[in-house]
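Enquirer: Now for the letters of each chain:
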Amino acid sequence: MDSFQNILFKLKKYWGDRGAILQEPYDIEVGAGTMCPETFLRVLGPDPYRVAYVQPSRRPADGRYGDNPNRLYKHQQLQVILKPSPEDIVEQYMASLEAIGIDLRKHDIKLEEDNWESPTLGAWGIGWQVMLDGLEITQFTYFQQVGGVDLEVVPVELTYGLERLSAFLQGKDSVYEIEWAPGVSYADVRHPDELQMSVYNFELADVSMLWKLFDLHEAEARRLLEIYPDYEEKNRFPVLGAYEHVLKCSHLFNLLQARGAISVTERAGVIQRVRRMAVGAAKAWLDQQARAKEEAA
Amino acid sequence: MADKFLLEIGTEEIPDWMIPPALDELRELFTKLLADNELSGEVTSVDASPRHLVLRAGGLPVKQADKDELLTGPPKQAGAKAAGGFAKKQGAAVDDLQVVQTEKGEYYAIRKEIPGRQTRDILARSLPQLILKLYWPKTMYWTGPGGPRFIRPIRWIVALLGDDVVPFELAGVQSGNLTYGHRRLGGARVPVTVENHEEQLEKNRVIVSAAKRRARIEAGIAGLLDGTDLAVKPDEGLLQILTYLTEYPTPILGGFDESFLDLPKEVLVTVMRHHQRYFSVVKPGGTLAPHFIAVMNIGADPDGLVREGNERVLRARFNDGRFFWDFDQRQKLAGRVEELGSVTFHAKLGSYLDKAKRMVAIVESLGGGEDAKRAALLAKCDLTTEMVGEFPELQGIIGGLYAKSQGETEAVGDAIYDHYKPNSMEDGIPSTADGRLVALADKIDTLRECFRIGAVPTGSKDPLALRRAAQGVVKILVEGGLTHRISELANGGEQLAAFFLDRIRYYYRDVRGFAYDEVNAVLAAGSDDLPDVEQRLTAITAVRPTADFEPIAASFKRIKNILSQAGFDGGGEVAIELLREQEEQELYRTFLTVREDVEGRRAKREYQPALEAIASMRPQVDSFFDEVLVNAEEPDVRQNRLTLLAGLLNEFSSIADFSEIVTAKG
Chain A
0 MDSFQNILFK LKKYWGDRGA ILQEPYDIEV GAGTMCPETF LRVLGPDPYR
50 VAYVQPSRRP ADGRYGDNPN RLYKHQQLQV ILKPSPEDIV EQYMASLEAI
100 GIDLRKHDIK LEEDNWESPT LGAWGIGWQV MLDGLEITQF TYFQQVGGVD
150 LEVVPVELTY GLERLSAFLQ GKDSVYEIEW APGVSYADVR HPDELQMSVY
200 NFELADVSML WKLFDLHEAE ARRLLEIYPD YEEKNRFPVL GAYEHVLKCS
250 HLFNLLQARG AISVTERAGV IQRVRRMAVG AAKAWLDQQA RAKEEAA
Chain B
9 MADKFLLEIG TEEIPDWMIP PALDELRELF TKLLADNELS GEVTSVDASP
59 RHLVLRAGGL PVKQADKDEL LTGPPKQAGA KAAGGFAKKQ GAAVDDLQVV
109 QTEKGEYYAI RKEIPGRQTR DILARSLPQL ILKLYWPKTM YWTGPGGPRF
159 IRPIRWIVAL LGDDVVPFEL AGVQSGNLTY GHRRLGGARV PVTVENHEEQ
209 LEKNRVIVSA AKRRARIEAG IAGLLDGTDL AVKPDEGLLQ ILTYLTEYPT
259 PILGGFDESF LDLPKEVLVT VMRHHQRYFS VVKPGGTLAP HFIAVMNIGA
309 DPDGLVREGN ERVLRARFND GRFFWDFDQR QKLAGRVEEL GSVTFHAKLG
359 SYLDKAKRMV AIVESLGGGE DAKRAALLAK CDLTTEMVGE FPELQGIIGG
409 LYAKSQGETE AVGDAIYDHY KPNSMEDGIP STADGRLVAL ADKIDTLREC
459 FRIGAVPTGS KDPLALRRAA QGVVKILVEG GLTHRISELA NGGEQLAAFF
509 LDRIRYYYRD VRGFAYDEVN AVLAAGSDDL PDVEQRLTAI TAVRPTADFE
559 PIAASFKRIK NILSQAGFDG GGEVAIELLR EQEEQELYRT FLTVREDVEG
609 RRAKREYQPA LEAIASMRPQ VDSFFDEVLV NAEEPDVRQN RLTLLAGLLN
659 EFSSIADFSE IVTAKG
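Here the protein sequences line up with chains A and B, keeping their order. Once you know that position 17 of the first sequence is 16 in this note's numbering, the rest is easy, because the numbers rise by one and skip nothing. Numbers in this note's numbering are just positions in the second sequence, counted from 1, shifted up by 8.
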């Protein structure tokens with residue numbers, strides 16, 4: 000039986016062997032691996048790209064104080080982006096499951112319709128949830144639009160839910176029982192995180208501070224994006240810096256939501272604010288990349 | 009020699025529910041392709057698995073028939089030179105020309121033989137467009153912007169006419185004779201012929217026939233339960249989903265711990281049906297058994313791995329359900345009312361707290377008592393529970409269960425439980441009077457508010473399901489025998505009242521199956537009080553087959569035409585002294601007697617005898633029209649006759665407008 004970390008190694012090696020750059024997690028809080036620049040920005044434009052990384056994904060509202068065997072405030076996703084998507088991508092994906100010891104002639108695998116959409120990122124795609132013996136283990140998406148832009152090259156995104164997959168492989172009923180490393184359980188590693196962050200997110204986070212931070216990060220992202228059109232040396236411009244502040248806003252929005260601090264009437268407006276910045280960053284990135292190409296040519 | 013044709017579009021997994029309509033369309037498009045190209049032959053079958061869309065046709069000719077065509081050239085008076093030029097252009101001698109008579113005069117013409125094109129060429133040219141023309145609810149591109157759009161990427165195409173490949177390219181895929189078997193149990197690039205296609209696929213663990221897959225699932229389930237006292241809970245919708253979600257379906261029987269049976273059966277069934285796509289299993293007597301049936305997309309589960317996996321997933325789901333139930337008890341429904349303020353009902357219409365308050369007011373205006381008002385206030389509170397967050401399809405039901413377990417009255421609990429009903433026209437209405445009021449209030453509020461801000465359904469777009477809401481109101485009023493007036497429910501909104509009228513019409517015609525002209529006749533005489541509409545409709549349906557009815561309806565239509573042609577708009581009294589002819593006197597006397605009778609019966613809602621009384625006037629009406637000329641020369645006599653007819657029409661149109669009845673005579 001493979002440990003959690005071994006399963007991870009094997010999957011990373013599998014995709015590394017198929018030309019993916021193996022990245023480490025992005026060091027800013029995100030709700031999903033899709034939001035990292037390695038996905039959100041890299042899928043834009045014509046250049047091929049392949050990358051895989053584990054991304055701890057924070058969803059404050061999903062926290063359950065470490066009480067619920069299947070629900071986590073922070074879970075680990077293996078995010079794989081292949082741009083363009085290979086023609087035999089479904090086969091390659093299935094072979095990745097076999098690489099971690101799942102014999103698909105003896106298990107039931109189904110691809111069930113599940114399209115993905117993120118209003119805050121101006122992004123959507125077509126795809127499936129992959130069901131293994133009745134368990135959803137992966138979200139499989141062909142991106143169509145990101146940052147409000149139709150993609151020039153259609154990438155595929157594979158998002159493996161690592162806790163579920165590991166619980167499946169190890170035959171565990173609770174994610175906390177997963178063996179992370181030999182002799183060390185998932186609970187040993189992560190339970191305090193789940194408990195304490197649930198208390199913080201639901202009970203103790205200072206709402207007015209969260210709003211203040213949101214406003215500060217928003218102002219900075221917008222200030223930068225407004226400078227971009229007139230900025231002389233475009234190749235030096237920190238689009239990535241602006242985008243980091245967008246990510247901060249997105250996470251703060253999630254925290255405010257979990258805290259019950261966003262009223263019904265405010266909610267749509269705040270989503271719109273984050274979306275406007277995300278779309279702005281995507282457009283600036285595309286422009287910057289296109290100019291760099293022209294100069295190189 | 010006639011050939012068979014086979015087309016297989018090989019894709020990645022198509023959503024199950026989209027497949028049957030796409031197959032119907034594929035059949036239509038191909039049939040049209042044959043007709044447009046004057047090719048004989050017909051589609052013999054269409055069938056599909058998630059990755060194989062298949063069309064088979066037979067009787068296709070090798071080529072189109074050759075055609076003789078007469079090409080007209082210049083007019084004869086243009087002379088020999090023009091004729092020579094025309095002949096030369098057609099590659100013929102002047103002697104080959106003939107002169108034909110057309111509408112515009114005499115013209116030179118030449119008979120040319122147009123050779124028929126090869127069927128294979130026609131298909132090769134037309135199939136790419138045909139395939140891309142298939143309608144899908146949501147499409148994608150995968151080769152790049154501007155590239156072909158389809159439901160999922162096309163990965164291979166088989167196109168065979170007899171022994172030959174029909175060659176074409178689509179989305180970078182070249183058609184050929186190679187198919188693909190089951191993703192894990194079958195081979196890739198499997199050569200097939202028109203004859204052995206189905207058999208080859210089956211060898212590679214793809215059953216391309218949906219009927220066979222369905223039969224395999226049914227037989228498999230029967231086999232699993234054989235020798236037990238268990239039965240599967242029939243579920244046609246689920247069977248259909250699983251048929252189109254699998255290429256090689258095999259059912260397995262799984263179990264769960266008996267202790268989960270303490271959870272409400274609604275939760276258990278929802279988890280199994282909607283989240284896991286399992287069939288429920290029942291014991292004799294119909295109570296749930298601690299078992300389920302899952303359908304795999306492989307042939308067998310010899311080591312029980314798939315069963316164990318599914319059992320583990322279900323256990324986790326049921327544990328979630330138990331966890332949510334316990335967790336939700338920390339706060340009673342009544343304590344959740346304020347929280348509704350942070351749940352959006354509609355971006356422009358505020359929160360569910362606002363809605364709950366409006367619902368209470370509506371229930372009150374409909375005459376609801378304390379229980380109904382309490383239920384209206386609490387009806388939406390389950391939206392803030394963990395259980396509904398996880399299982400949104402259980403909203404209302406969960407609220408009802410919680411209410412009862414938290415000490416609310418049985419009446420309040422039942423009313424909350426049922427308040428989303430009816431979910432469809434096949435679904436029942438809420439089982440209690442309070443439930444009907446709360447369900448009405450919920451729907452009426454949604455309708456009024458959405459119409460107020462102009463969020464009105466257009467064409468096929470009805471994102472807020474307002475048609476279903478209005479349809480639900482109609483069904484509850486009729487089947488609950490509730491006399492609340494439509495005009496009151498619409499709150500004076502004309503647009504909403506008209507929307508209701510459409511739904512009333514639909515309900516009686518399409519749901520209840522009444523004849524459309526009877527529905528029109530009854531609604532023309534009033535549509536505000538639905539139980540009354542129902543009684544009038546039942547009466548007219550009963551009277552319709554009697555001998556006098558259709559003739560008198562035809563006469564009423566004639567009266568209406570006469571009045572409208574005469575531009576008669578007045579009422580007034582009939583002047584007895586001006587009734588000259590015996591037949592009109594007779595008709596007037598009968599009218600007076602019948603009117604009295606009808607008025608008495610109408611007041612008592614004895615519509616059938618009232619209608620029979622009206623129909624009994626047929627002899628008098630007939631002889632009036634036979635013997636009396638309405639358009640008399642003397643204006644006062646004519647006016648008097650029109651007054652008599654108008655009286656008849658007005659007095660007797662308040663149960664049903666007879667002129668709406670479609671009769672053989674017109």
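Any given hint could turn out to be false.
Straight-line C-alpha distance at most 30 Å; calculated DSBU-like pairs for lysine-lysine [as the list claims (entries may be wrong)]:
1) B:K89 - A:K171
2) B:K146 - B:K120
3) B:K84 - B:K40
4) B:K96 - B:K40
5) B:K241 - A:K105
6) B:K141 - B:K120
7) A:K73 - B:K340
8) A:K211 - A:K282
9) B:K241 - A:K247
10) B:K112 - B:K12
11) B:K89 - B:K241
12) B:K291 - B:K71
13) A:K211 - B:K356
14) A:K211 - A:K9
15) A:K105 - B:K112
16) B:K120 - A:K105
17) A:K105 - A:K9
18) B:K40 - B:K89
19) A:K282 - B:K146
Chain B stretches covered by chain A per the calculated footprint, using a threshold of three residues with CB under 8 Å from any CB of chain A [claimed, not checked]:
20) 33–40
21) 111–118
22) 298–306
Just so you know, these hints were derived from the structure itself, not from any lab. Virtual Cβ for every residue (Gly too), placed ideally from N, Cα, C.
Enquirer: Now tell me if each hint is right for this structure.
Expert: Hints versus structure:
no., hint, result
1, B:K89 - A:K171, "violated (96 Å)"
2, B:K146 - B:K120, "violated (48 Å)"
3, B:K84 - B:K40, "violated (40 Å)"
4, B:K96 - B:K40, "violated (38 Å)"
5, B:K241 - A:K105, "holds (27 Å)"
6, B:K141 - B:K120, "violated (35 Å)"
7, A:K73 - B:K340, "holds (29 Å)"
8, A:K211 - A:K282, "holds (27 Å)"
9, B:K241 - A:K247, "violated (50 Å)"
10, B:K112 - B:K12, "violated (47 Å)"
11, B:K89 - B:K241, "violated (86 Å)"
12, B:K291 - B:K71, "violated (62 Å)"
13, A:K211 - B:K356, "holds (27 Å)"
14, A:K211 - A:K9, "violated (43 Å)"
15, A:K105 - B:K112, "violated (79 Å)"
16, B:K120 - A:K105, "violated (66 Å)"
17, A:K105 - A:K9, "holds (20 Å)"
18, B:K40 - B:K89, "violated (44 Å)"
19, A:K282 - B:K146, "holds (26 Å)"
20, 33–40, "violated (count 0)"
21, 111–118, "violated (count 0)"
22, 298–306, "holds (count 4)"
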